[in-house]
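Peer 1: One-letter residues, chain by chain:
2 protein chains.
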Amino acid sequence: MQTFHLILEFGKMLRNLDAWLEKATVHAKAKSFEVDVLVKARLAPDQYSLDRQVQSACDAAKFGAAYLSGKEAPKHPDTEKTVAELRKRIATCVGWLETLKEADFAGAEERRVAPPWLQGKWLRGEDYLLQAGMPNFLFHVTTAYSILRHNGVDLGKMDYIGALPLRD
Amino acid sequence: MQTFHLILEFGKMLRNLDAWLEKATVHAKAKSFEVDVLVKARLAPDQYSLDRQVQSACDAAKFGAAYLSGKEAPKHPDTEKTVAELRKRIATCVGWLETLKEADFAGAEERRVAPPWLQGKWLRGEDYLLQAGMPNFLFHVTTAYSILRHNGVDLGKMDYIGALPLRD
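Going down the list, the sequences are from chains A and B.
Each residue of the first sequence is one higher than the one before, counting from 1 in my numbering.
Each residue of the second sequence is one higher than the one before, counting from 1 in my numbering.
Accuracy of the hints is not assured; some may be wrong.
Any copy will do: because identical chains look the same in the list, a pair fits if it lies in one copy or spans two.
[What the hints assert, rightly or not] Below, in silico cross-link-like pairs of lysine to aspartate or glutamate (EDC-like), each with a Cα-Cα straight-line distance of 16 angstroms or less:
#	residue 1	residue 2
1	K101	E22
2	K88	D59
3	K71	E102
4	K121	E110
5	K157	D78
6	K81	D127
7	K23	D159
8	K157	D46
9	K29	E80
10	K88	D46
Just so you know, these hints were derived from the structure itself, not from any lab.
This is chain A alone, in the form it adopts within the complex:
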């Protein structure tokens, strides 16, 4: 598998997440409630609310791509207060991911990845991506999806997966 292809999947899933937030916006309008009440919705009192799930998904994608490409991740402060702002955050993150090229990930599997939370230890690039970066990214994306589903937004598995490059 190409590391770059997993980075592309990060971007695709973030665009899917944006589409779920669009569906949430349409749902709120149809039900005559303020969509931004969903920003602080959560599934457990000590689990991140929707805003933090979206911010964390963006950061997991951004830092994962940065660590594996050796590029510096741009700074995106967590200031979003509305669904519209969260969608802008996603667009900003996806825009940066789209500047990365396959060649940026040459040798990524063997890079030393030492994010601050590893407190001085490090992981091989491939171990980081498959055992931490990717599952952590999909954790936040899926939890955002579940928060929206729990609040009545009409989403299904194909909204989650998105378009597939099917062949005849």
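Use these hints to put chain B onto chain A, whose structure you have.
Peer 2: Positioned in the frame of chain A, the structure of chain B alone reads:
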């Protein structure tokens, strides 16, 4: 990245899922409720309950590994009624995954993957794994986690990620 290493991550996440069910069992005992009430817990009335999330996670791992290795997936009927039975289902699935070897996945990226739900179309092995098999697997694992969190089981991000091959 090695396809086989992503298959190993499936097994690892299933063992993590088993550990969350163990924590749920301890939690239920401490709170004096019957742990098996969680089997039908769900986050939305039209989303799968915990039993189906666990069964689907097992199947996603099993079929993903089977499609990419060309091995036949063993049959595991969805008959589990208790948390203990769901944990046995996980153990059975992990046991089968552990019979697979790196060599079984030679050429996996270019295999034609044509599961029934693609209705005659197919995906390249790598496209299937990165855009469908892996996100679908982590969807069910994460939703099972969220159902348990929503019901008060004391889980955190490191329970989700599990042990990492850290280096000094």
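Peer 1: Would you mind marking each hint as holding or not holding in the structure?
Peer 2: These are the hints, each one checked on the structure:
Taking CA atoms no more than 16 angstroms apart as the test, K101 paired with E22 passes in neither setting, with 28 angstroms inside one copy and 43 angstroms between copies. Only within a single protomer do K88 and D59 lie at most 16 angstroms apart by alpha-carbon distance; the minimum there is 14 angstroms, versus 36 angstroms between protomers. For the identical chains of this complex, K71 and E102 are intra-copy neighbours only, at 13 angstroms inside a copy versus 32 angstroms across copies, given an alpha-carbon limit of 16 angstroms. Within a single copy, K121 and E110 get their C-alpha atoms as close as 15 angstroms, which meets the 16 angstroms cut-off; across copies the closest is 36 angstroms, which misses it.
In the homo-oligomer, the alpha carbons of K157 and D78 never lie at most 16 angstroms apart, since the shortest distance is 29 angstroms inside one protomer and 20 angstroms across protomers. In the homo-oligomer, the alpha carbons of K81 and D127 never lie at most 16 angstroms apart, since the shortest distance is 35 angstroms inside one protomer and 36 angstroms across protomers. For a Cα distance limit of 16 angstroms, the shortest separation of K23 from D159 inside one copy, 10 angstroms, qualifies, whereas the shortest one across copies, 31 angstroms, does not. In this homomeric assembly, K157 and D46 come within 16 angstroms of each other (Cα to Cα) only across copies, at 12 angstroms, whereas the closest approach inside a single copy is 26 angstroms.
In this homomeric assembly, K29 and E80 never come within 16 angstroms of each other (Cα to Cα): the closest approach is 20 angstroms inside a single copy and 41 angstroms across copies. For a Cα distance limit of 16 angstroms, the shortest separation of K88 from D46 qualifies neither inside one copy, at 26 angstroms, nor across copies, at 30 angstroms.
Consistency with the previously given hints fails for numbers 1, 5, 6, 9, 10, ordered from lowest to highest.
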